[in-house]
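J.: Start from the sequences, fold in the hints, and give me the full structure.
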Amino acid sequence: AQSVTQLDSHVSVSEGTPVLLRCNYSSSYSPSLFWYVQHPNKGLQLLLKYTSAATLVKGINGFEAEFKKSETSFHLTKPSAHMSDAAEYFCVVSDRGSTLGRLYFGRGTQLTVWP
Amino acid sequence: NAGVTQTPKFRVLKTGQSMTLLCAQDMNHEYMYWYRQDPGMGLRLIHYSVGEGTTAKGEVPDGYNVSRLKKQNFLLGLESAAPSQTSVYFCASSLSETQYFGPGTRLLVL
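One line per chain: the protein sequences are A and B, in this order. Per this note's numbering, the first sequence starts with residue 1, numbered consecutively. Per this note's numbering, the second sequence starts with residue 116, numbered consecutively.
Hints may contain errors.
Example chain A residues on the side facing chain B (calculated, C-beta under 7 Å, incomplete) [stated by the list, open to error]:
#1 Val-13
#2 Gly-43
#3 Lys-69
#4 Ser-94
#5 Gly-108
In case anyone wonders, no lab produced these hints; they're calculated from the structure. All C-beta atoms, glycine included, are put in the ideal place defined by N, C-alpha and C.
T.: Structure below.
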């Protein structure tokens, strides 16, 4: 069975400081993993995805995530937060065991960036 | 190329009323999905479709019906709305694993 746990429901950082959003996954298969971002009153935008190539994945807006199989983790990081990064972030695992590629969402982490 | 669009953006219903949410995609994707988003719950899959004329139940299908008569459209119906269906509804489409989302429909059931 597939599932995702986002370890923090809220994260607050100051502008210019590093961002770390934590995600652990459970998957019966070799997973595909995603991070999506949702700005207020907007739809979801794909930040980055891991599909069994390089374990360090670079995404848009300076974000990156590292797939660690031994720790079943896929944490999202950014070296320096910007005010525009304030949003809700979702870690997602794909059910690659089915032809559908069904997605399983974490509950989200709300990122606040202080000036 | 508009991507995934949803109609309407916002709707208020009274308990027992019916309505249909429309999702349209112009990317020629085979797969389409309907999710609902509730605070602290992430997104939960309501129904999905793997192609024109086919639909299947997701995680939370009760109280909803869907139809996929054309490849580019995926309709979500509420036959008799309940306050528990107050939520934000997202449609998505995909060719493979990566799903592309619409902007959402906010539904309030009084």
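J.: Could you run down the list of hints and mark each one as holding or not?
T.: Consistency of the hints with the structure:
{"no.": "1", "hint": "Val-13", "in the structure": "21 Å, violated"}
{"no.": "2", "hint": "Gly-43", "in the structure": "4 Å, holds"}
{"no.": "3", "hint": "Lys-69", "in the structure": "18 Å, violated"}
{"no.": "4", "hint": "Ser-94", "in the structure": "5 Å, holds"}
{"no.": "5", "hint": "Gly-108", "in the structure": "6 Å, holds"}
In this structure, the hints that do not hold are numbers 1 and 3, in rising order.
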